[in-house]
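Engineer: As a plain string of letters, each chain reads:
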Amino acid sequence: MKPSVIPGFGLTLGYTLAYLSLIVLIPVIALFLKAATTPLDKIIQIATSRRTLAALEVSFGSSLLAAVVNVVFGVIIAWVLVRYKFWGRRLLDAIVDLPFALPTAVAGIALSSLYAPKGWIGSLFAPAGALNEWIAAQTWLPFGLSEFQLSWKIAYTPTGIVIALIFIGLPFVVRTVQPVLEEFEQELEEAAATLGANRWQTITRVMLPRLTPAILTGFALAFARAVGEYGSVIFIAGNLPNVSEIAPLLIVIKLEEFDQAGASVIAGIMLLIAFAMLLVINLIQAWSRRRYGNV
Amino acid sequence: MSDREGAVYDSRRPPQPADQHTRPTTERPWVKWTLIGIAFAFMALIVLLPLVIVFVEALKKGLDTYLASFGDRQSLAAIQLTLLVAAISVPLNLVFGVMAAWCVAKYEFWGKSFLTTLIDLPFSVSPVVSGLVYVLLFGAQGWFGPFLKANNIEIIFAVPGIVLATVFVTFPFIARELIPLMQEQGNTDEEAAISLGATGWQTFWRVTLPNIRWGLLYGVLLCNARAMGEFGAVSVVSGHIRGKTTTMPLDIEILYNEYNFTAAFAIASLLAALALLTLIFKTILELRFGDALAGSRRH
Amino acid sequence: MEIRVQDIRKEFSRYPALNDVSLDIRSGELIALLGPSGSGKTTLLRLIAGLETPTAGRIFFGDEDASSKSVQERNVGFVFQAYALFRNMNVLENIMFGLKVRPRATRPPAAEIRRRALELLDLVQLSGLDKRFPQQLSGGQRQRVALARALAIEPRVLLLDEPFGALDAMVRKELRKWLREIHDRTGHTTVFVTHDQEEALELADRLVVMSQGKIEQVGTPDEVYDTPSNPFVFGFIGESSALPVTVENRELWVGGRAIGLPAPHDATGDARLFFRPHDVELVEDGAALAGVVAAARRVGGTRRVELEIGGYPDRIEIDLPFDHPAGEKTRIAFRPKRWRLFEGKTGQ
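These protein sequence lines map, in sequence, to chains H, Z and U.
The first sequence runs 50 to 344 under the numbering used here.
The second sequence runs 36 to 334 under the numbering used here.
The third sequence runs 334 to 681 under the numbering used here.
Hint data in this document are derived by calculation from the structure and do not stem from the laboratory.
Treat the numbers as computed from the prediction; the structure is a model and nothing was measured.
Among these hints, one or two may not hold up.
Said to hold, decoys possible - Estimated spans, in silico, between C-beta atoms of each pair:
1. H:Lys167 / Z:Arg63: 51 to 61 Å
2. H:Glu234 / Z:Gly72: 42 to 52 Å
3. U:Lys506 / Z:Gly232: 31 to 41 Å
4. Z:Thr69 / H:Ile75: 46 to 56 Å
5. H:Ile252 / U:Ala415: 32 to 42 Å
6. Z:Lys147 / H:Phe324: 17 to 27 Å
7. U:Glu531 / Z:Thr223: 30 to 40 Å
8. H:Ile75 / Z:Thr61: 20 to 30 Å
9. Z:Trp178 / H:Lys91: 34 to 44 Å
Just so you know, even glycine gets a beta-carbon here, dropped at the ideal spot from N, CA and C.
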């Protein structure tokens, strides 16, 4: 530690470490010990069972998809919030945080009733839904297009999982990209323009490279959050084993079946991946600091 | 100076269409309005509609049914338990947040970045795992299970477990709000106070705290909203004993699974209102004390 | 490329930053826009570049009306005050950027782009630093890269905004000389903005002195220094002393005494006399300005004294030889050798 005239280093560091040890470190170590005291062949058996693999696949697959969607729309929303003045901007800015403040269970039942086959949005895509009726009414369409019928079930399928994960991940992308965009020097855009670059070239060659670290960080945060998400997903997912059962739910099920070893092994896998994600985020930021001087 | 002869023009002519080439640092109007449209549509579909439907569903069967939902004894117990859990875990995390922020922001020491990573941990750990770790420690088959049972102490499937899980999930919020703020403000104010003879406590109460109060307030609000709304971690440790160990989010789940949608959404509307209030507070704080919330952009 | 600015007006949310400004810039000249902050000099430069759109007025590049052209179409080389180098590209990529973004039809082949960029790097004396990133360069080196990048697009005019503003004094002097050399070698019409009069006087072929959104005077450094056209220019360029006088009988009077200077015209009334502190002669007898030394200090090779002149509240500064024996309270009589008179009490 560098010498400092400000007192309290021992007290605050000691308290912080004690609190973190009690609340985080010891329990997490307990988890790994539990997982590690399970015989190796049993670990392998749990980890490679069809249901575990399917749950991990559903969790990671839908998280990846949701994070990609969030990157696209999150960047657009951050761009719109920073760059444009328009009526309702403050409102838009405020509700970006809503998924962050709204309890996951509330989000879960709300999304599930919205996207259920009888819900406001779900009914649009359901057979005999509003959209289909509208299409059927367009008898002027050639090639019998009016007979085309949508049938897209959103809630109680993996699609529903992705919707819920998009909901909870959005603020992470917006709120990491937004400050970087705010600090972006407009002179750089002007410089590119004087050199003859059109707007598209300026954005893709000058601005996006500078935003990349923030976008990657936002992606990683949204992804990490999505992988572990439980509350908002279980209501909309349908929870069909091997199809729409996420890994956190499988942990809960194992626990309810008094299979602590099984729960611990899956939790251990997820924790390791969470650590890896944290590491990746830190590496991105360190790289970006080296490359651009700041994040 | 300029040679005005021969130049036939009116310098005050209204701008001609060709003049209105877009500024070099912005997009064409149609691009701009398309992007704004996409942003609004996406937010409405994904974020705003879920909020609206909570209130719509809650009030679907009229105000009387809505209000009657809160008269249910088990729901009342859930509300009480939620308030109790928040009342314990928020102050705990408040003290921790200030301590951790002070130590991370004011000093340079070995292992600091590891410490900040540890503080961020609950953000990337599944809430279910957060609950599980306490079950493994204090549950009937857990490390301390036999000891607790012998001494008749209940942690899992009881209030202490719910508090522990809530604390785990919400402890980063205040610290994460304060660390960037205190780092930005630097040490000069405190060093000045110390050099003028103030003690550490005096410096904290009279110099640091006034500087960080709005950020601290926002951190507390956010922490509180999350504490009252935590579902996954609490769900694992609670045991779902209705009227005893169910918090509001767990009550919502039970009611929803019983197809008692109106009651489920009624309870949900309280939590949604809390979330809205938190956001309104945040917006007001940002508008009025924008500088004092420097770190609020990062979660 | 000559540039004509005609009756340009620019308002920022109703506040006028430029008030009907007209200016002719000759082909190949190095011209400085000089003025205090808020005078509108940077706004004028940005209007020429097309980074701002004028509220009214036109800008011609040669015979072509450039007013309605976008920045991209104007083909100007702009060097920003903070250089605005792209941090995600190395030095060479920065210089090549302008050529690489051209539409395929006018884009030179890749090898040619590279050759030209290396050539420019050589011109700005940075050969061998092509792989460096901007943040690995010193301020002076960044400035050179910014200039090379602007030159790479073969601009019709080179515009520099406070080009030496962010550099320390030593580097600034060296780069000033070097910019003059580059200008003389490449022959670009060059406009630069500065608030540093020394820089403008030393570097520019002509100066445009601006204040409060208007052009006060345009001329060569000699013209502007020797015959300032108004009190602002007299006060802003070089050092000056001023005091109120009355004009009567074709003579100048201070406090009821003639001071031995003939009035340039017949008019009678209040006026303000301007002269340079070093442009005075000491006189033993005859009509002159006289004052008592109130303070003295050494400035370079001369002694600067502050005189109190009877009945006039402000002190007047003049230069004396450093070995002049004048001490405090010494009475000194002098006459400005070169001076100008501006009418009215304030000289407006």
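Engineer: With reference to the structure, classify each hint as holding or not holding.
Structural biologist: Hint check:
Our hint of 51 to 61 Å for H:Lys167 and Z:Arg63 is violated, since their Cβ atoms are close to 42 Å apart. A hinted range of 42 to 52 Å is violated for the C-beta pair H:Glu234 and Z:Gly72, which are about 28 Å apart. In this structure the hint that U:Lys506 and Z:Gly232 lie 31 to 41 Å apart at CB is violated, the actual value being about 48 Å. Restraint check, Z:Thr69 to H:Ile75: a C-beta distance of roughly 53 Å satisfies the suggested window 46 to 56 Å.
Evaluation of the 32 to 42 Å hint for H:Ile252 and U:Ala415 yields a failure: the beta carbon distance comes to about 21 Å. At about 18 Å, the CB distance of Z:Lys147 to H:Phe324 agrees with the hint of 17 to 27 Å. As the Cβ distance of U:Glu531 to Z:Thr223 is approximately 36 Å, the hint placing it in 30 to 40 Å holds. As the Cβ distance of H:Ile75 to Z:Thr61 is approximately 54 Å, the hint placing it in 20 to 30 Å is violated.
Judged by the Cβ atoms, the range 34 to 44 Å given for Z:Trp178 and H:Lys91 is violated: they are separated by roughly 19 Å.
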